[in-house]
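Participant: With the working numbering, you'll find the sequence shown wraps up at 307, consecutive numbering, no jumps.
I should point out that these hints are in silico values taken from the structure, not numbers from a laboratory.
Accuracy of the hints is not assured; some may be wrong.
[As the list claims (entries may be wrong)] Estimated spans, in silico, between C-beta atoms of each pair: (1) Arg211 / Leu293: 16 to 22 Å; (2) Pro63 / Pro297: 27 to 33 Å; (3) Asp56 / Glu189: 18 to 24 Å; (4) Gly252 / Phe73: 23 to 29 Å.
C-beta atoms are modelled at their ideal positions from N, C-alpha and C, and glycine is treated no differently.
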Amino acid sequence: MGGVITGFAIIATVIATGYLLGRRGSLGENGREVLTRLGFHVATPALLFVTLSGTDPSVILSPSLLVSAIGTFATAGVFVAVGAARRWGVGRTAVGALCSAYVNAGNLGIPIAVYVLGDASIVAPILLFQQLVLSPVALTVLDLSSATEGRRTTWQRVTTPFRNPVVIGSLAGVSVAVSGWTPPGALLEPATLLGNMAVPAVLLAFGISLRGSPLPGRGPERAPVLLSVALKSAVQPLITWSLAAFLFRLDGGDRLNVVVTAALPAAQNLFTYASRYDVGARLARESILLSTLVSVPALTLIAALLG
Numbered sequence: 001m002g003g004v005i006t007g008f009a010i011i012a013t014v015i016a017t018g019y020l021l022g023r024r025g026s027l028g029e030n031g032r033e034v035l036t037r038l039g040f041h042v043a044t045p046a047l048l049f050v051t052l053s054g055t056d057p058s059v060i061l062s063p064s065l066l067v068s069a070i071g072t073f074a075t076a077g078v079f080v081a082v083g084a085a086r087r088w089g090v091g092r093t094a095v096g097a098l099c100s101a102y103v104n105a106g107n108l109g110i111p112i113a114v115y116v117l118g119d120a121s122i123v124a125p126i127l128l129f130q131q132l133v134l135s136p137v138a139l140t141v142l143d144l145s146s147a148t149e150g151r152r153t154t155w156q157r158v159t160t161p162f163r164n165p166v167v168i169g170s171l172a173g174v175s176v177a178v179s180g181w182t183p184p185g186a187l188l189e190p191a192t193l194l195g196n197m198a199v200p201a202v203l204l205a206f207g208i209s210l211r212g213s214p215l216p217g218r219g220p221e222r223a224p225v226l227l228s229v230a231l232k233s234a235v236q237p238l239i240t241w242s243l244a245a246f247l248f249r250l251d252g253g254d255r256l257n258v259v260v261t262a263a264l265p266a267a268q269n270l271f272t273y274a275s276r277y278d279v280g281a282r283l284a285r286e287s288i289l290l291s292t293l294v295s296v297p298a299l300t301l302i303a304a305l306l307g
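Work out the full structure: start from the sequences and follow the hints.
Facilitator: Encoded structure:
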C-alpha cells in the first residue's frame, strides 16, 4: 500500500503549500483566480496533449474501458436524477455529477497505478475516456448553461465543445496518436514544459481556496456534497465491480484494476472547471476534499479484498 500513501502524501504536501500561500497572501488577492485560469487555458491543455499523443489508441477498445465508462455514466446518472428532482440547477448538478464519477486518474491515479498495480498505463483508458467523452459533454453543458449563453449565436452554441481549451488539447493529442506522427522536439518540449505546471497550479489553487473555508459537508451544499462523496467512494466502485465480475467477467487482475481506478477520489481539476464557470465551486472543493480523505480506507480495503 506504499503507492496509496505516496500518492496522497504528494498531493497533500502541495495543497498544504497552497493553503500557506493563501494565509500569507503571498500571491495577492487574485492568486487563486490566476492559477485557475493558467491551469484551465494553458497548462492542462498542454498536459493532455502530451499525455494523449503518446498513448496507444488501442486502449480505447479494451473491455476494461467499457466497464469503466458504463460505471461512470451510471454513477453520474444517479446524481443527475437526484439533482433534477431536487432542482439544484443545471450547472450545479453538472459539477456534482462530475464530482460523483470523474476520477483523479492523473496526479493520483498514476502513482497508485505504478506502486499498487505495477503499471502506469492501466489508467490510460479512463484518462482517455474522461478527456474525450466525459469532459467535452460536461464542459459543453456548463458552457451552454452559463450566464453568457443567451448572447451567443447558433453557430457559437454548436461549436462550443471545440472551442474549449481542455477539449482542444485532448483532441489534438488523440489526433497525433492516431496518425502515428511523432511531434518534433521543438513542439513537444515546450508543451511538456507548460504541461508540467498543470498539476501544481491546480493543487496550489485548491489549497488557497481552503483558507477561511468552513468545514466540508455543512451549510447549503451539505446534501449534494454528501451525495457526491457517497457515490464516488462507494457506489461507483461497487457498480464497477459488479459489471467486471458478472457482466463482462474480467479476470482477477483486470477486475482489480478497474475497481481501484473507480475508487480514486474526485479529480482536483473539477474545482478548476467549477471556478472557471463560477458555479458549484464550494460543492466541488468540499466533494474533492472529502472523497480524497475517504478514498484512503476505500482503496486499502479494495486492495486487501481483490489484490
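Participant: With reference to the structure, classify each hint as holding or not holding.
Facilitator: Hints versus structure:
1. Arg211 / Leu293: 16 to 22 Å: This hint holds: roughly 18 Å between Cβ atoms.
2. Pro63 / Pro297: 27 to 33 Å: 28 Å, holds
3. Asp56 / Glu189: 18 to 24 Å: 22 Å, holds
4. Gly252 / Phe73: 23 to 29 Å: Once the Cβ atoms are compared, 25 Å apart, the range 23 to 29 Å for Phe73 and Gly252 holds.
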